[in-house]
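Participant: Chains as they are written, first to last, in my numbering: chain E, 60 to 205; chain X, 251 to 664.
Examples of chain X residues toward chain E, derived with CB under 10 Å:
(1) Thr341
(2) Arg345
(3) Gln382
(4) Ser432
(5) Ile494
(6) Leu581
(7) Ser585
(8) Ala647
Think of the hints as simulated: they come from the structure by calculation, not from any bench.
Computed from a prediction, not measured in an experiment: that's the story for all the values here.
Each residue gets a CB set at the ideal place from its N, CA and C atoms; glycine is no exception.
So the chains spell out like this:
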Amino acid sequence: MTVEKILLEFDVELKNLLPALKKINASFGYVSEMDAQKVADYFSMSLSKVYETASFYDLIKTKPQPPLVIQVCSGANCAVKNAYKVIVEIENQLHIKAGDDFNPNVKLEIISCLGQCGRGPIMIINKKIFTQVTPSSAREILQNYM
Amino acid sequence: MKKETKIITKNWGQIDPNEIDDSIEVGGYQALEKFIHKMTPVLALEEIKLSGLCGRGGAGFPTGMKLESVQKEKSKEKYFICNLDESEPGTYKDRSIVDNDPHMLLEGVIIESLIVGARKAFVYVNGNYQRQIEILQRAVEQAQEKRILGEKILGSRYSLEVEIFAGAGAYICGEETALINSIEGNRGEPKSRPPFPTQVGLFGKPTAVNNAETVANIPWIISNGGKKYAAIGSKKSAGTKLFIVNGSVKNPDVFEAPLGTKLSDLIEKYAGGMQKGKNFWFAQVGGSSGRLVLEKDLVRKLEYDREAKVPLGSGAILVVDKTVDIHELLLSWMSFFHRESCGKCVPCREGTFRLWEIAKRLQDGQVSERDVAAIKDILWTLSNTTFCPLGKFAATAFGDAISNFQKEIYKLSR
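Based on the provided sequences and hints, a complete structural model is requested.
Facilitator: As structure tokens, then:
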């Protein structure tokens, strides 16, 4: 699948810009500057306009992502169930800080509600969802990814 | 106990969300038939106005008034948008509606679109709700096969196209002008009003934006009449509401209860009371942007009322017990608002960022006198000068916590 092929699936209408960016992001993991330029040409708009939109949304990345992305929900419902203790545990295990993207191999992101509050705290590793995570179960889960 | 009135949840658990026939068997799309064969858009709007239905997304604006102002517009092109960009922490009522009865939602979308005269409707779904997007897509396809959607609906002169639009993970897109910006391919930042979206909305055309729960109420109102709906609930606000009770209760879940239900009843009767060995401390009503309710205010009725001390918001209720560390909650609220602040206006962008920093220092016990003074300033600025309600919401819970739990919050620092 090339960017050109993806773009051809969409009509040249403004409402298709966001879906097109999302699809490129899903196929390549992020939207590079070169791809963004192709999108801009296809929709006849400036590169800055495409970047403006792409950089705003959480689900569209403008930088390559590390192979291991860990996300932990810290919405209030997960927070009252010790989500922060899980975050600290992961930070200590992997020697990273939440939110930093200096490490090329792993990234820890804090996210908000995904509507799974009944089963919190929620941890997502490379899109796989783990529910009712505790600091010790988080350690065990991480071991499988090391 | 009185017989429970169920409007939105009446088919939950009885039908397969992926089968339109299941839904039709239990009376789905009968309201649409009634609307098409026996009613006019004006007549149907009268019923909705009579019902007193208010927007269920949080603001509680009368739905009838909103639809009327779009219906009155003379433009040939109009749009209807169902707002399912639910991302308020602790809120998953709209997701539950799609999981259990997507066709009731779709029926509501069709009826409302036809009432305002739209030929194109969007359902804006939170981008993280992958499964729900698939369910809705299937529902739309099945409805098209049955000729409930598309050209000449059920053999009438009405036509409608429904598009499921997946968002890309931005909380602010739940605000209607931001949502419209997002569909147009722009950054999801709110626009100034007026002009209101009901006059100049999506692609510059009149647009009605309704929350998904509001939409799901419409088929019942059309079938049973507005008067009957107005009789449910309290004097000030009619109908039922989905409440999501979570936290330290025995059975956290989504419950449908008439508006005007007491908070204590919701916790005790619906959610089974507090978990064993846990003592009630406070409850937060309306998700992370909601106010804190102490024990003495538990008897308050939950309803849409502009003067209410406890605004209902999205209907999410988080019950907090005394074992919870308040610092973690402060940090959770502020990291959420700091992340989701769109960056358009300075008071919100900087205010949420600074409060987040202070919340981190509070947790480490390193807060200075200067921080304590700054908190007051920042809270005032957030609640009075921000462009859209997000800034105000960011200050609500934090402000309530600072004024009620001073001792606990500054415990580590002094």
